[in-house]
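Chemist: Single-letter residue listing:
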Amino acid sequence: MKTKDVEKKKAALSKRFGEAVTVTLPKDGILEAVVAPPQVVEVLRALKEDYDFHQLHDLTAVDYIKDNQITVVYRLMNLEKPDMMVVKVPLDRSQPEVATATDVYPAANWLEREVYDYFGVKFTGHPNLTRIMLWDGFEGHPFRKDFQAFDQAPPDYDPFETAYVDFSEGRLQLTDVSSNGNRGNGSPRTFILNFGPQHPSTHGVFRAAVELDGETIVDLKPVIGYLHRGLEKIVENRTWAQVIPYTDRTDYLATMNNNHVYVLAVEKLAGIQVPPRAELIRVLMAELNRIHSHLMAIGCLGLDCGAITPFLYVWREREKIYDLFEMVCGGRLLTTYFRIGGVARDLPEEFLPCLKKLLTEMPGYIEQYNNILSGNEIFQMRLKKVAHLTKEMAMKYSITGPMLRSTGINYDVRKVDPYSLYSQFDFQVPLGKNGDAWDFYWLRVLEMWQSLRIVWQATEYLEEMGPGPVMGKVPKALKPPAGEAYVHIESPKGDLGCYVVSDGGPNPYRFRWRPPLFINLQSLPELVRGWKIADFIAIFAGYDAVMGEIDR
Amino acid sequence: MLQQDYLTLAVYPLVIIGFSVFVLALAWVLRAKPPKTPLKQSAYECGVPTRGETWVRFRVAYYLYALVFVVFDVEIIFLYPWAVALKRLGLFAYIEAIIFILILLVALGYAWKEGALEWK
Amino acid sequence: MPDVTQGLGAYEVIVGWLSGFTPHWLAEVLYRVGAGLLILTLISTLALVLVYILRKVMGHMQCRLGPRVTGPFGLLQTAADAVKLMQKEDIIPTNVDRFLFILAPYVVFFSCGMIFMVLPLSPTWILNDLEVGVLFFVAFGSLASFGLLMGGFGSNNKYSLVGGMRSVAQVVSYEVPMVLAILGAVMLAGSLSMHQIVVAQEGMWLGFIPKWFIFLQPLGFVIYFLCGLAETGQTPFDLPEGESELVAGYNTEYSGMRFALFFLAEFGNLFAISAMATTLFLGGWHGPVFSFLPWLWPFVWFMAKAMALTFCMMWVRSTWLRFRIDQMMDFAWKILVPLSLLNIFITAGEVAIIR
Numbered sequence: 013m014k015t016k017d018v019e020k021k022k023a024a025l026s027k028r029f030g031e032a033v034t035v036t037l038p039k040d041g042i043l044e045a046v047v048a049p050p051q052v053v054e055v056l057r058a059l060k061e062d063y064d065f066h067q068l069h070d071l072t073a074v075d076y077i078k079d080n081q082i083t084v085v086y087r088l089m090n091l092e093k094p095d096m097m098v099v100k101v102p103l104d105r106s107q108p109e110v111a112t113a114t115d116v117y118p119a120a121n122w123l124e125r126e127v128y129d130y131f132g133v134k135f136t137g138h139p140n141l142t143r144i145m146l147w148d149g150f151e152g153h154p155f156r157k158d159f160q161a162f163d164q165a166p167p168d169y170d171p172f173e174t175a176y177v178d179f180s181e182g183r184l185q186l187t188d189v190s191s192n193g194n195r196g197n198g199s200p201r202t203f204i205l206n207f208g209p210q211h212p213s214t215h216g217v218f219r220a221a222v223e224l225d226g227e228t229i230v231d232l233k234p235v236i237g238y239l240h241r242g243l244e245k246i247v248e249n250r251t252w253a254q255v256i257p258y259t260d261r262t263d264y265l266a267t268m269n270n271n272h273v274y275v276l277a278v279e280k281l282a283g284i285q286v287p288p289r290a291e292l293i294r295v296l297m298a299e300l301n302r303i304h305s306h307l308m309a310i311g312c313l314g315l316d317c318g319a320i321t322p323f324l325y326v327w328r329e330r331e332k333i334y335d336l337f338e339m340v341c342g343g344r345l346l347t348t349y350f351r352i353g354g355v356a357r358d359l360p361e362e363f364l365p366c367l368k369k370l371l372t373e374m375p376g377y378i379e380q381y382n383n384i385l386s387g388n389e390i391f392q393m394r395l396k397k398v399a400h401l402t403k404e405m406a407m408k409y410s411i412t413g414p415m416l417r418s419t420g421i422n423y424d425v426r427k428v429d430p431y432s433l434y435s436q437f438d439f440q441v442p443l444g445k446n447g448d449a450w451d452f453y454w455l456r457v458l459e460m461w462q463s464l465r466i467v468w469q470a471t472e473y474l475e476e477m478g479p480g481p482v483m484g485k486v487p488k489a490l491k492p493p494a495g496e497a498y499v500h501i502e503s504p505k506g507d508l509g510c511y512v513v514s515d516g517g518p519n520p521y522r523f524r525w526r527p528p529l530f531i532n533l534q535s536l537p538e539l540v541r542g543w544k545i546a547d548f549i550a551i552f553a554g555y556d557a558v559m560g561e562i563d564r
Numbered sequence: 165m166l167q168q169d170y171l172t173l174a175v176y177p178l179v180i181i182g183f184s185v186f187v188l189a190l191a192w193v194l195r196a197k198p199p200k201t202p203l204k205q206s207a208y209e210c211g212v213p214t215r216g217e218t219w220v221r222f223r224v225a226y227y228l229y230a231l232v233f234v235v236f237d238v239e240i241i242f243l244y245p246w247a248v249a250l251k252r253l254g255l256f257a258y259i260e261a262i263i264f265i266l267i268l269l270v271a272l273g274y275a276w277k278e279g280a281l282e283w284k
Numbered sequence: 129m130p131d132v133t134q135g136l137g138a139y140e141v142i143v144g145w146l147s148g149f150t151p152h153w154l155a156e157v158l159y160r161v162g163a164g165l166l167i168l169t170l171i172s173t174l175a176l177v178l179v180y181i182l183r184k185v186m187g188h189m190q191c192r193l194g195p196r197v198t199g200p201f202g203l204l205q206t207a208a209d210a211v212k213l214m215q216k217e218d219i220i221p222t223n224v225d226r227f228l229f230i231l232a233p234y235v236v237f238f239s240c241g242m243i244f245m246v247l248p249l250s251p252t253w254i255l256n257d258l259e260v261g262v263l264f265f266v267a268f269g270s271l272a273s274f275g276l277l278m279g280g281f282g283s284n285n286k287y288s289l290v291g292g293m294r295s296v297a298q299v300v301s302y303e304v305p306m307v308l309a310i311l312g313a314v315m316l317a318g319s320l321s322m323h324q325i326v327v328a329q330e331g332m333w334l335g336f337i338p339k340w341f342i343f344l345q346p347l348g349f350v351i352y353f354l355c356g357l358a359e360t361g362q363t364p365f366d367l368p369e370g371e372s373e374l375v376a377g378y379n380t381e382y383s384g385m386r387f388a389l390f391f392l393a394e395f396g397n398l399f400a401i402s403a404m405a406t407t408l409f410l411g412g413w414h415g416p417v418f419s420f421l422p423w424l425w426p427f428v429w430f431m432a433k434a435m436a437l438t439f440c441m442m443w444v445r446s447t448w449l450r451f452r453i454d455q456m457m458d459f460a461w462k463i464l465v466p467l468s469l470l471n472i473f474i475t476a477g478e479v480a481i482i483r
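Residue numbers (this note's numbering), protein chains in the order written: chain F, 13 to 564; chain X, 165 to 284; chain D, 129 to 483.
Quick caveat, the hints were computed from the structure, so don't treat them as lab data.
In this text the structure is predicted, and so the values were computed from the model without any measurement.
A couple of the hints might just be wrong.
Claimed, not checked - Quick list of simulated restraints, FRET-style, between CB atoms:
1) D/L347 - X/L173: 29 to 35 Å
2) D/E478 - F/Y334: 56 to 62 Å
3) D/T198 - X/E278: 53 to 59 Å
4) D/V417 - X/V224: 43 to 49 Å
5) F/Y334 - D/A208: 30 to 36 Å
6) F/P257 - D/C440: 45 to 51 Å
7) X/V235 - F/G542: 29 to 35 Å
8) X/V224 - F/K396: 23 to 29 Å
9) X/V235 - D/A432: 36 to 42 Å
10) D/F201 - F/E331: 20 to 26 Å
11) X/L173 - D/T150: 20 to 26 Å
12) D/L347 - F/E472: 52 to 58 Å
13) X/V235 - D/V211: 45 to 51 Å
14) X/L173 - D/C440: 27 to 33 Å
Quick reminder that beta carbons are idealized off the backbone N, C-alpha and C, glycines included.
Chain F extracted, bound-state conformation (with noise of 0.2 Å):
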């Protein structure tokens, strides 16, 4: 994607703010506006209300230390255009402190308290800076690249008392609770209860504290994070084709889109070119993983309502794509198949047979799913009004994915910013109207129907195409010139995007995942104010959350 209007908003935006602001176009045409920090939240207030950037795509930082500064990286994203825009703020390392952005753009909530936790820059007027991924008496910031590791453990103490919830935003004050449990805040009759990393239906490990008033929900803290490996910084020391099997294991459901992501970013960056059957087998494994995504998330809604024989329909399904994984690259969840230039090895015989019979049977499979699932009244009465996602709630906290276009917002990655071979097949993007958990679950049915239409005609053609080399030149020690690239990709959770930046060397400077779940999950209290504990587990399998994703 390129900005639109460039010379217009170059003009402008030197105009209005002068020195703070400096303007530069890189090769990838996204415009990049260098910010002093104390302009910061001017400019984004600027940016989002005169020139329509309104939604924040991403919020990271990257430590520049030969430079010894941090640099805050916001990357804004107009939906409808569309239209993106970076603004960069170099910060002192030995301070690094700049205004938060939460009163622009409230999802920049959890993306500071996550630069904070990994970078140690502090967001004045933050409501609650406090660590999200690691415990809260962890020494040090990762991320800084003198950043020394040793031996350090979690003491044992009460999670409640901690930051892992944070309290200090609003509701949940436990500490004005009296010895009979009444709140000292009037409202005697709530209690709190804690679906926690171990509970049946969380996807997971995720913990919400969910304050109830008898069944209904009155406020809901989400704490994550007990997945956190540090994949962002492991990277860091690896080269760059070792890079791909950690990108397998963020959702480790959709792998072939992750790794699709980090390989486009790669390849934009190296300029690497990529032969036309690769890319043909790269989006065909990708749709292929999307169906198997949201197959799980379509079981997993149903097996989170009660209905526990869909889901094992789907695991049936499930079996079959993973059988076909498996005759490509040997792995079945944790494929590690693409790689930089193309993919691993070619398709072998017996692979596209077996996939155009599972094709021919899917749509059966499907109606199946129909029968015993989307038709089934109860269901319905489950997911239909239940939750009501608003385009301007959606807007507010960034919200990509299924449940974007769920509220009616047309915003496909593949339509929008066409990338691989997407913008030469015939598909179409399911709409939602309500915003509901009944459309969160529709859509992904819809979509499914959909992929299947692309890797029909993905197969026709391939067998049309003729074989051909998979992988392109790519030298054997792979070093990108120094520079950044940014691509980002529909995934089956939402807009995946991978920010790479390479210092020319073996390993990559930094590598960012933009991790769609994690963005989303932020409107999760919002969400579910108000309704009962049922309807807060239907909600939250409409996000179809994968805490490998979310945590990294």
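We have chain F already, so just place chains X and D on it with the hints.
Modeler: What follows is chains X and D alone, placed relative to chain F:
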């Protein structure tokens, strides 16, 4: 014959209780008795220690449903003998009971309209 | 009133033999104890068999096989589970109300055992043919919710508490339509005695349609079946132990044999509800009697019908999903109660006017 009836009624509950006590005693003999640790003995809340009082106050919705239930339960108690004797009593008893049930249906309708049947 | 083995003439033989060396009243009591133990054996065997059948049936409905390894076709699976549960450590968390916590499984199992006392397994096999058998069944059936509330309240755990309260609200709400549906069958039979109700379904119309009450009361049967599902806490009404929401509801803190008692009672209740539905609507033990072992066939027919209904319950469990609590309450009070009252109007009109 009638006497045997009540004898079973007296003996059988004791048999059931005896059986369940026996089963639990058997389990007590057979099971492992590892030492008690505070962590094991704590309440389960998905791996996190529970906070706040556990015995919270009941919500009024439960009470309202119980209230409506009591009304209907009493109605049902009156309907039992009526149902048994209906064949012999004929039309008159039918009309009487219908009037009785209709009065209670009005009560149900009132509760419905007043929102007593909404789970808040 | 007929007693358990009277058809075979065993009553006189056994009591007579026992009176040889014990006082007569003790012989009577011992006979009853033996009969009671026989019923308890039936309950336990049924629970074991039903657990196995449930796992196999649900497994096959879900494209998988269910237990296969322990014993041929996995038949010893439940026995293995029972042994496992028996030797598990019995954890009683601190701060529980010990009295309630320990008493709850007993209460639930007690209610399950008591309702088997009035089930007419055969024309002569009914442990105690009370004249108010139906009322007895309903009364002890709702005692179970009391036990669940005790379990939920007694465990010092918010999950259990929410589960216990939900179960009471549910059972209490579904009592009303259930009894109203039962009253339809009672009106047709003219008696509350289980034996009499089965006897009233004797015979055939047109030579091939049996005179079962289900043909006269289809609505009543459906309402009773649904309410029976709700009373025992089966899907779609399994909110009290909503596994994906409340971990295990009132079961959360129980381990070992106490949990096994809850479990046993659940499956016993499952069968009891099916057995009651068979008695009331499907003609109980009526069925063709063959000359080979003529005293066994009514029992076989009764079990077959009750098992068929239990299979239907398992089928429903695999297929449908859970209601939300307010939807469930709405269903009970706003749909089932008016429908069952309508059923009563029609049936009572038919009985009073036409008969």
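Chemist: Given the range 56 to 62 Å, decide if the beta-carbon distance of D/E478 to F/Y334 lies inside it.
Modeler: Given about 60 Å between the Cβ atoms, the range holds.
Chemist: Should the hint that X/L173 and D/T150 are 20 to 26 Å apart at their CB atoms be regarded as holding?
Modeler: holds (21 Å)
Chemist: Is the hinted range of 29 to 35 Å satisfied by the C-beta distance from D/L347 to X/L173?
Modeler: Once the Cβ atoms are compared, 34 Å apart, the range 29 to 35 Å for X/L173 and D/L347 holds.
Chemist: For the hint 20 to 26 Å, verify it against the beta carbon of D/F201 and that of F/E331.
Modeler: holds (24 Å)
Chemist: Take a look at whether the Cβ-Cβ distance between F/P257 and D/C440 falls inside 45 to 51 Å.
Modeler: holds (50 Å)
Chemist: Look at the Cβ atoms of X/V224 and F/K396 and judge whether their distance stays inside 23 to 29 Å.
Modeler: holds (28 Å)
Chemist: D/L347 and F/E472, beta-carbon distance inside 52 to 58 Å?
Modeler: holds (55 Å)
Chemist: Tell me if the beta carbons of F/Y334 and D/A208 are separated by a distance inside 30 to 36 Å.
Modeler: holds (31 Å)
Chemist: Using the Cβ atoms, figure out if D/V417 sits within 43 to 49 Å of X/V224.
Modeler: Violated, since D/V417 and X/V224 (Cβ atoms, about 56 Å apart) do not stay within the stated range.
Chemist: How does the Cβ-Cβ distance of X/V235 and D/A432 compare with 36 to 42 Å: does it lie in that range?
Modeler: Given range 36 to 42 Å: holds, Cβ gap about 40 Å.
Chemist: Tell me if the beta carbons of X/V235 and F/G542 are separated by a distance inside 29 to 35 Å.
Modeler: With a Cβ separation near 31 Å, X/V235 and F/G542 satisfy 29 to 35 Å, so the hint holds.
Chemist: When you take the CB atoms of X/V235 and D/V211, is the distance between them in 45 to 51 Å?
Modeler: With a Cβ separation near 48 Å, X/V235 and D/V211 satisfy 45 to 51 Å, so the hint holds.
Hint compliance for this structure: hint 4 alone is broken.
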